[in-house]
Amino acid sequence: MTRNNLEAGLGLGEAEFERFHARTAVGLWAYLRRLGGDPALADDLLQESYVKFLGHVNPASEEQEQRAYLYRIATNLVRDRWRQAKREVLGIGWLFRQWEERSRDGSVPLRIDLESAFSRLGPRERALLWLAYVEEYNHREIAGILGLKEASVRVLLFRARNKAARELDRKEVRS
Amino acid sequence: MSEALPPDERDEAVQVAGALRQLAAETRPPRPLPAAGQLWWRAEVVRRLVEKQEVAERGLRPAVWGELAAVVLAVCVLLLFFGLQASAFLSALGRREAIGGIPPMAMMALLPLAAASLVGLLLGRRS
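Chains as they are written, first to last, in the working numbering: chain Z, -1 to 173; chain D, -15 to 111.
If you are wondering where the hints come from, they were derived from the structure by calculation, not from laboratory data. A quick note: this is a predicted structure, and the numbers were derived from the prediction, not measured. Don't be surprised by glycine CBs; every beta carbon is placed ideally from N, CA and C. Just so you know, not all the hints are guaranteed correct.
Claimed, not checked - The calculated label-pair distances, taken between Cβ atoms and stated as ranges, are: (1) D:Ala9 <-> Z:Asn56: 27 to 37 Å; (2) Z:Gly11 <-> D:Val34: 43 to 53 Å; (3) Z:Glu14 <-> D:Asp(-5): 37 to 47 Å.
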């Protein structure tokens, strides 16, 4: 089988995907890391997200749409893992892993303030704020990624921002 | 974030955005991420496996439909037989005589077997 035949099967060709990956991988890893709270989980979900993305992406869509689609897949995968973790009878293992991770990262004082302020937010609030202020998506795109109504995003984002600002004030995060 | 905010919310948004961007800048993978080529090939392998599975399922489809048709036919024949022969069958059972050469006790034994086969086939299809 030739390379051209192979590339016809996936949404993006190898070279095109390489360029897309170079522009998105680190940002997506950071999103998964902050949303899921675990670097190992972020590693796994990053790979899974790209594999699913390649299998289903519309090659004719714009890059911004493709990025939003990638983030939607990643968000759904994190959501699935949470559901799975909740279903586990010995879910205590998951909690210990989270706790160990937080303890390891606590070695740098500046980061612990910012991180703990962010980690006090709910998962949806974290996702909303990250997509809005780090990835700079608009309300419509965020609604698409998180599976919410556009009007709800405005309200939820307002609440999340208020809560984050209160947490930041409380922690007196140094810039 | 492209949406315009009222002035009172703007300061808060700037504060939160600044903190988040700082956190994002500090959030870097501790080890190199998997290469794009590696991920692309993994996706290609998954795609080929899925395609293979779909082809296999397509090949099995006539057999599955044939099996279902056989079950439906068997049920129809059974119902037809009992519809036409029920009274003769029951009276023969009472007299312990044969109907058309088949001993009634053997027919009694065939009934649960047929029912069990039917249930088994339907459950097998569902799983």
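**Report entry** Whether the CB-CB distance between Z:Glu14 and D:Asp(-5) falls inside 37 to 47 Å
**Finding:** Roughly 42 Å apart at Cβ, these two residues keep to the hinted range, so it holds.
Query raised in the report: Per the hint of 27 to 37 Å, is the separation of the Cβ atoms of D:Ala9 and Z:Asn56 within bounds?
Result: holds, 32 Å
**Report entry** Z:Gly11 paired with D:Val34, Cβ distance criterion 43 to 53 Å
**Finding:** 19 Å Cβ-Cβ, so the 43 to 53 Å window is violated.
Against the hints set out earlier in the document, a violation occurs for number 2 only.
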